[in-house]
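These protein sequence lines map, in sequence, to chains A and B.
Counted the way the working numbering counts, the first sequence spans residues 4 to 113.
Counted the way the working numbering counts, the second sequence spans residues 144 to 256.
Honestly, the hints are just simulated from the structure, not real lab data.
Any given hint could turn out to be false.
[Said to hold, decoys possible] Here are the simulated distance ranges between beta carbons: (1) A:19 with B:220: 47 to 57 Å; (2) B:200 with A:11: 44 to 54 Å; (3) B:203 with A:41: 18 to 28 Å; (4) B:220 with A:8: 30 to 40 Å.
[Stated by the list, open to error] If the Cβ cut is set under 10 Å, some of the chain B residues that face chain A in the computed set are: (5) 149; (6) 159; (7) 175; (8) 179; (9) 187; (10) 188; (11) 200; (12) 231; (13) 233; (14) 246; (15) 250.
All values reported here derive from a predicted model rather than from experimental measurement.
Built from N, CA and C at the ideal position, the CB exists for glycine as well.
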Amino acid sequence: GQQVMQIPQYQHVQEGEDFTTYCNSSTTLSNIQWYKQRPGGHPVFLIQLVKSGEVKKQKRLTFQFGEAKKNSSLHITATQTTDVGTYFCAGDTGRRALTFGSGTRLQVQP
Amino acid sequence: SQTIHQWPATLVQPVGSPLSLECTVEGTSNPNLYWYRQAAGRGLQLLFYSVGIGQISSEVPQNLSASRPQDRQFILSSKKLLLSDSGFYLCAWNLRTGVEKLFFGSGTQLSVL
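Extracted from the complex, chain A is given alone in its bound form (with noise of 0.2 Å):
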């Protein structure tokens, strides 16, 4: 079936270091969210990606949808302790319901 594979599963980092978590599907997306789930919490929407090779900034966050629209990545420059959670990819494979991926725990070591 359709799958949404992301790696790494877990990522610990030192405050201030960059992090990234990359998604690839086995299929072509026609659109792939991020999503964030801290501790507790539920997953909150981060950002849409639509075109090819599309990169979109949110201060500190970057990310980036492949030219082939299968895979994406999100990299987090200088990591604070506000950044600790689960980072989640989902994308749309043409199904009503989204495909996520198995997520990224972030944990950050002041």
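Dock chain B against chain A, hints included.
Then chain B, alone, in the frame of chain A:
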């Protein structure tokens, strides 16, 4: 503004007991509604989604069922809970057309003992 309410926040149930989780959305009409389950430290598994009253699509065969008796009400049920039904259950909605980002409820932590 739109809001989504999900209850209860936590639930401890014995094996074999029934389950009913409720989710309601306010401030919008004709939303798509979803039930996801998240095992501890894992990703989101889509269980059911609905595009209208009485229209339910099931993604994973299991002993859970869903119903949508009203436009903005989505219910997750089970007649007999299994240990493997433990997890964090999330209700979500999005607009039928246009931007399709999901808005999640605060979730229900279900422990089946």
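So, going through the hints one by one against the coordinates:
| no. | hint | verdict |
| --- | --- | --- |
| 1 | A:19 with B:220: 47 to 57 Å | holds (48 Å) |
| 2 | B:200 with A:11: 44 to 54 Å | violated (32 Å) |
| 3 | B:203 with A:41: 18 to 28 Å | holds (26 Å) |
| 4 | B:220 with A:8: 30 to 40 Å | holds (32 Å) |
| 5 | 149 | holds (9 Å) |
| 6 | 159 | violated (28 Å) |
| 7 | 175 | holds (7 Å) |
| 8 | 179 | holds (8 Å) |
| 9 | 187 | holds (4 Å) |
| 10 | 188 | holds (8 Å) |
| 11 | 200 | holds (7 Å) |
| 12 | 231 | holds (9 Å) |
| 13 | 233 | holds (6 Å) |
| 14 | 246 | holds (7 Å) |
| 15 | 250 | holds (5 Å) |
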